[in-house]
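Work the whole structure out from these sequences, hints included.
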Amino acid sequence: GQQLNQSPQSMFIQEGEDVSMNCTSSSIFNTWLWYKQDPGEGPVLLIALYKAGELTSNGRLTAQFGITRKDSFLNISASIPSDVGIYFCAGHGGTSYGKLTFGQGTILTVHP
Amino acid sequence: DSGVTQTPKHLITATGQRVTLRCSPRSGDLSVYWYQQSLDQGLQFLIQYYNGEERAKGNILERFSAQQFPDLHSELNLSSLELGDSALYFCASSVEGLDTQYFGPGTRLTVL
Numbered sequence: 642g643q644q645l646n647q648s649p650q651s652m653f654i655q656e657g658e659d660v661s662m663n664c665t666s667s668s669i670f671n672t673w674l675w676y677k678q679d680p681g682e683g684p685v686l687l688i689a690l691y692k693a694g695e696l697t698s699n700g701r702l703t704a705q706f707g708i709t710r711k712d713s714f715l716n717i718s719a720s721i722p723s724d725v726g727i728y729f730c731a732g733h734g735g736t737s738y739g740k741l742t743f744g745q746g747t748i749l750t751v752h753p
Numbered sequence: 057d058s059g060v061t062q063t064p065k066h067l068i069t070a071t072g073q074r075v076t077l078r079c080s081p082r083s084g085d086l087s088v089y090w091y092q093q094s095l096d097q098g099l100q101f102l103i104q105y106y107n108g109e110e111r112a113k114g115n116i117l118e119r120f121s122a123q124q125f126p127d128l129h130s131e132l133n134l135s136s137l138e139l140g141d142s143a144l145y146f147c148a149s150s151v152e153g154l155d156t157q158y159f160g161p162g163t164r165l166t167v168l
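These protein sequence lines are chains A and B, in that order.
Mapping the first sequence onto this note's numbering, position 76 (from 1) lands on 717, and the numbers just tick up by one.
Mapping the second sequence onto this note's numbering, position 109 (from 1) lands on 165, and the numbers just tick up by one.
Keep in mind that the hints were calculated from the coordinates and are not lab data.
Beta carbons: idealized from backbone N, C-alpha and C, even for Gly.
A couple of the hints might just be wrong.
[Said to hold, decoys possible] If you want a taste of the chain B side facing chain A, the calculated C-beta under 10 Å gives, among others:
1) S58
2) Q62
3) P64
4) Y89
5) Y91
6) L102
7) Q104
8) G114
9) F120
10) S142
11) F146
12) Y158
13) G162
[As the list claims (entries may be wrong)] To give an idea of the chain A side of the interface with chain B (calculated C-beta under 10 Å), a few residues:
14) Y676
15) E682
16) L686
17) G726
18) H733
19) L741
20) T742
21) F743
[What the hints assert, rightly or not] Cut-off 30 Å, straight-line C-alpha distance, at most; resulting in silico cross-link-like pairs (DSS-like, lysine-lysine):
22) B/K113 with A/K692
23) B/K65 with B/K113
24) A/K711 with B/K113
25) A/K692 with A/K711
Structure, rendered in C-alpha cells:
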C-alpha cells in the first residue's frame, strides 16, 4: 500500500530559527496536506496543495507540492514557542473519495 | 475550532465491552471519515461514509462498525474490546468530492 516517509522525526530548535520538514511517497499523490497536532487534540489543517509544483503560504508557513507528485515539504520561518507540536503530512491518491495516508509526524520543540 | 464535534471526549471501559463514539460533521459536509491514532501505528484510516453510504474501508477490524445517519452524524461502534484498542479515535469531515478533511477533537478510549 501507499506509504509516506516523513523526516525528520523530531527537531529541537531555538526561537527565531527556520524549520524545514519533508515527506516522500512511494507512489503518486494528487493532494498533499499538512496538519499540526497539539497533545490530546485533533489535527488542524495548515496548508492544502492540489497541483504539482504548487507553492502555498499561510503566514510564516510555506509548503510545496513536488513536481514528481511523490514529495512535499513544509517550511516554518522565524519559529515561535507556539509552533511546538507534531506536524503531519498527508496524501490523497487518485480517487475523489477515500482515505488520507499520513506520515509518521515530526515533533517540533522550540526553545525560547 | 474545526466545526467537527465528537463525543465523548474520554471513555474508560473494560475488555470485552462495547462502546459507541459519535461524530457530527461540519455544516454542509456530506463525507465522514474515522481514524485511529495509537502510539505505535500513527494515524490510520478506518472507514469513510458519504451521504449515508459506506464509501471506502481501511484497516478496520471486524469487531468495529460504523454508520452515518440521515442527519449526517456518524457513529463508530467498537465491540469485544481488547487492551490494544486503547487509542485516540478521530472523526473528520469534508465537502462532497473534495479531499480537504477537517478533524474533530477526538475521543480517547482507554480499555482496562
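Going through the hints against the structure:
1. S58: Nearest chain A Cβ about 7 Å off; hint holds.
2. Q62: holds, 8 Å
3. P64: violated, 14 Å
4. Y89: Constraint on B/Y89 satisfied, holds at 7 Å.
5. Y91: holds, 8 Å
6. L102: Cβ of B/L102 sits 9 Å from chain A, so the hint holds.
7. Q104: Because about 6 Å separates B/Q104 from the closest Cβ in chain A, which is inside the 10 Å limit, the hint holds.
8. G114: With a minimum Cβ separation of about 5 Å from chain A (threshold 10 Å), the hint on B/G114 holds.
9. F120: violated, 15 Å
10. S142: violated, 14 Å
11. F146: holds, 5 Å
12. Y158: Status holds, d = 6 Å.
13. G162: holds, 5 Å
14. Y676: holds, 7 Å
15. E682: With a closest approach of 6 Å, the A/E682 hint holds.
16. L686: Hint holds; A/L686 Cβ to chain B Cβ min 6 Å, cut 10 Å.
17. G726: Where the cut-off is 10 Å and the nearest Cβ of chain B is about 14 Å from A/G726, the hint is violated.
18. H733: With a closest approach of 4 Å, the A/H733 hint holds.
19. L741: It holds, given that the least Cβ distance between A/L741 and chain B is near 6 Å, below 10 Å.
20. T742: holds, 8 Å
21. F743: It holds, given that the least Cβ distance between A/F743 and chain B is near 4 Å, below 10 Å.
22. B/K113 with A/K692: holds, 26 Å
23. B/K65 with B/K113: holds, 24 Å
24. A/K711 with B/K113: holds, 23 Å
25. A/K692 with A/K711: holds, 12 Å
Checked against the numbered hints given earlier, the structure breaks hints 3, 9, 10 and 17 and satisfies all the rest.
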